[in-house]
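All residue numbers for the sequence shown refer to our numbering, where the first residue is 4 and numbers rise by one.
Hints are computed from structural coordinates only; laboratory data are not their basis. Because the structure is a prediction, the values reported are computed rather than measured. All residues carry an ideal CB built from backbone N, CA and C; glycine is no exception. A hint or two may mislead.
To be verified - So the derived label-pair ranges between C-beta atoms look like this:
(1) Thr-406 <-> Thr-45: 19 to 29 Å
(2) Glu-623 <-> Asn-263: 53 to 63 Å
(3) Ser-591 <-> Asp-333: 17 to 27 Å
(4) Arg-336 <-> Ser-11: 17 to 27 Å
(5) Glu-165 <-> Asp-15: 37 to 47 Å
(6) Ser-291 <-> Val-603: 27 to 37 Å
(7) His-67 <-> Ile-381: 11 to 21 Å
(8) Thr-457 <-> Asp-173: 44 to 54 Å
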Amino acid sequence: MIEPEIVSKPKDGKKRVVIEGVTPQLDAGRFAVKRIVGDTLTVEADVFGDGHDHVTARLLYRHHSETAWRSVRMKPLGNDRWRASFPLERLGRYIYTIAGAVDHFDTWRSDLIKRLEAGQDVHVDLQNGGLLLEHSARLAARQDAVRLNEAAQALRSRSDEEDTKVLALDPTILALVERYPDEAMETRYERQLEVIVDRERARFSSWYEMFPRSASDVPGRHGTFADCAARLDYVAELGFNVLYMPPIHPIGTSFRKGKNNSVTAEHGEEGSPWAIGNVDGGHTAIHSSLGTFKDFQALRAKAAKLGIELALDIAFQCAPDHPWVTEHPDWFRKRADGSIQYAENPPKKYQDIYPLDFESPDWEGLWEALKGVFLFWIEQGVKIFRVDNPHTKAFPFWEWAITAIKREHPDVLFLAEAFTRPRVMQRLAKLGFSQSYTYFTWRNTGQEIVEYLTELTQTPLREYFRPNFWPNTPDILPESLQIGGRPAFITRLVLAATLSSNYGIYGPAYEMQENLPMKQGGEEYLNSEKYEIRHWDLNAPESLRDVIAQVNQARRANPALQFMESLTFHPTDNPSLLCYSKASPDGSNVVLTVVNLDPVHTQAGWVALDLASLNLTDREPFQVYDQLADRRYLWQGSSNYIELIPDELPAHIFRILRRVRTEKDFDYYL
4 MIEPEIVSKP
14 KDGKKRVVIE
24 GVTPQLDAGR
34 FAVKRIVGDT
44 LTVEADVFGD
54 GHDHVTARLL
64 YRHHSETAWR
74 SVRMKPLGND
84 RWRASFPLER
94 LGRYIYTIAG
104 AVDHFDTWRS
114 DLIKRLEAGQ
124 DVHVDLQNGG
134 LLLEHSARLA
144 ARQDAVRLNE
154 AAQALRSRSD
164 EEDTKVLALD
174 PTILALVERY
184 PDEAMETRYE
194 RQLEVIVDRE
204 RARFSSWYEM
214 FPRSASDVPG
224 RHGTFADCAA
234 RLDYVAELGF
244 NVLYMPPIHP
254 IGTSFRKGKN
264 NSVTAEHGEE
274 GSPWAIGNVD
284 GGHTAIHSSL
294 GTFKDFQALR
304 AKAAKLGIEL
314 ALDIAFQCAP
324 DHPWVTEHPD
334 WFRKRADGSI
344 QYAENPPKKY
354 QDIYPLDFES
364 PDWEGLWEAL
374 KGVFLFWIEQ
384 GVKIFRVDNP
394 HTKAFPFWEW
404 AITAIKREHP
414 DVLFLAEAFT
424 RPRVMQRLAK
434 LGFSQSYTYF
444 TWRNTGQEIV
454 EYLTELTQTP
464 LREYFRPNFW
474 PNTPDILPES
484 LQIGGRPAFI
494 TRLVLAATLS
504 SNYGIYGPAY
514 EMQENLPMKQ
524 GGEEYLNSEK
534 YEIRHWDLNA
544 PESLRDVIAQ
554 VNQARRANPA
564 LQFMESLTFH
574 PTDNPSLLCY
584 SKASPDGSNV
594 VLTVVNLDPV
604 HTQAGWVALD
614 LASLNLTDRE
624 PFQVYDQLAD
634 RRYLWQGSSN
644 YIELIPDELP
654 AHIFRILRRV
664 RTEKDFDYYL
């Protein structure tokens, strides 16, 4: 028989309030939730006590750089549930918790009202109130203490009964009491919770991935940072605000991969940018063919003028020629024969890459060096990092490194490229990654999309997991793009850009509709840019550049598309038609998207709109303005007809326009 544990006496048994059910919190407060600067964090909790005494609750909060708590009184919602909010005015981490106590003064005041209504004698009750006010006066600042003591004296003297009753119920006296809670009698929630506050680009971003070495206008010539700078106007015209470049470091020569992942490189082949390091340096060096640090800064400066940020790929792995291999051999795992273990995903072998050993005896030195890579590029002005395969590195490292970096540089953002198991992806987000790659790339049917987006937006994931949707990457050419032609590329673009507030494409492969796999049933590109320099004709007639620009313009013009929380799916009578909407936080901007998921056949049907989510009623007509086709339609009620021809345009991005009547009875739509 297991003996029950002995419950010890509390330090102060006079504290009678219980606090539980606090939201939001993640894993019982182990990790921080996430918000954007300028947001308001709304906190709820169950706060109650024994008996019939009233209770009061306060939300306490402070920025991590502050020592003093700020507080706001919580409001009762009923059934012992309380709520309050506080503004997130600065980047970094905020700490928050709950304090609750028996509210003796409010209990007394409530009982006094009941006794007065019953016509009872309240002489002793007023005396009791005076004692409570004297106690509050001892907690108050000087002038407030004087006012409270005066009120206490008036209650106890009872010189004029009616005036005394009025004074007892004076709301200004109540406000003074509430201003000075008796912290010695408060119960504090046992945890201090945290919220990470990022800048706006963590919530709303449009990424364009481009290999700098393929940026030259001259076929066969290695691109440079100057070539990238010349292409920035094109990226800006497409409407992207993040230019993401794969690794820009020196590339190893040992076991260099050739075209189409050949194990032997021919003379002049450049190898994979992810095989980082040679005699010229490693993760803090630049590939000499791309240019110099001065050229890099010129590229960054021009991008900034166009409203574009540079994002760098951080891949923590080394080519056999990387300086760390000789300088820090303990950072790599050895095989039985003493050689360093190259990367493998059996039966695949990657002899051009050495993974780092996070069980190294010198793990602390390794951690410091890796954090130093981020700090080096932050000093160069880079504030966004796409991290390659973070799930193959130790979880404790990421929590330590990201927390340390963001404490000094709270505007830095990290995108986790981890196409792996759900729990692993979620853990990385909890550890501090600002955004995450997702399974969107493989969600094709309407049911798959609805189920996945419901999970992302309607479960606790919404508190910390910010999805970034990519219809393609250099590693992934999904089957939908291989076989669906131009309509599939447009459909997947619209889905990524309107379902998620963060999305990206790997271009120019995307706008040129690159769709040939290296082998049937695989997702690797034929003539993959990972292993060779490609030349792209940006003015090719088949380019989707105009459609991409229209989609990104819709994202910029509609605040509704810059958030995910309000995503609502609307039923259709045709499973090939997917209909959903988003609204801006203030409800003034509403966008309704309808997509034909069939890239071959015209699909038609009726949508059943949830008018309440669109801030509409069934009595008012409204216009829907298609921002892709530049057409308007007049609708009314919940049931409306849709027909989408994939070879023309497989999607609508409608802005909802409500009828507004002016003083002159002239109707227009806004």
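Evaluation of the provided hints:
1. Thr-406 and Thr-45 have their C-beta atoms about 25 Å apart, which keeps the hinted 19 to 29 Å range intact.
2. Checked against the hint of 53 to 63 Å, the C-beta distance between Glu-623 and Asn-263 comes to roughly 59 Å, which is consistent with it.
3. Roughly 59 Å separates the CB atoms of Ser-591 and Asp-333, a value that falls outside the hinted 17 to 27 Å.
4. About 49 Å separates the C-beta atoms of Arg-336 and Ser-11, a value inconsistent with the hinted range of 17 to 27 Å.
5. For Glu-165 and Asp-15, the hinted distance range of 37 to 47 Å is satisfied, since their beta carbons lie about 40 Å from each other.
6. Roughly 48 Å separates the CB atoms of Ser-291 and Val-603, a value that falls outside the hinted 27 to 37 Å.
7. Between His-67 and Ile-381 the beta carbon distance is about 19 Å. The supplied range of 11 to 21 Å therefore holds.
8. In this structure the supplied range 44 to 54 Å holds for Thr-457 paired with Asp-173, their Cβ-Cβ distance being about 51 Å.
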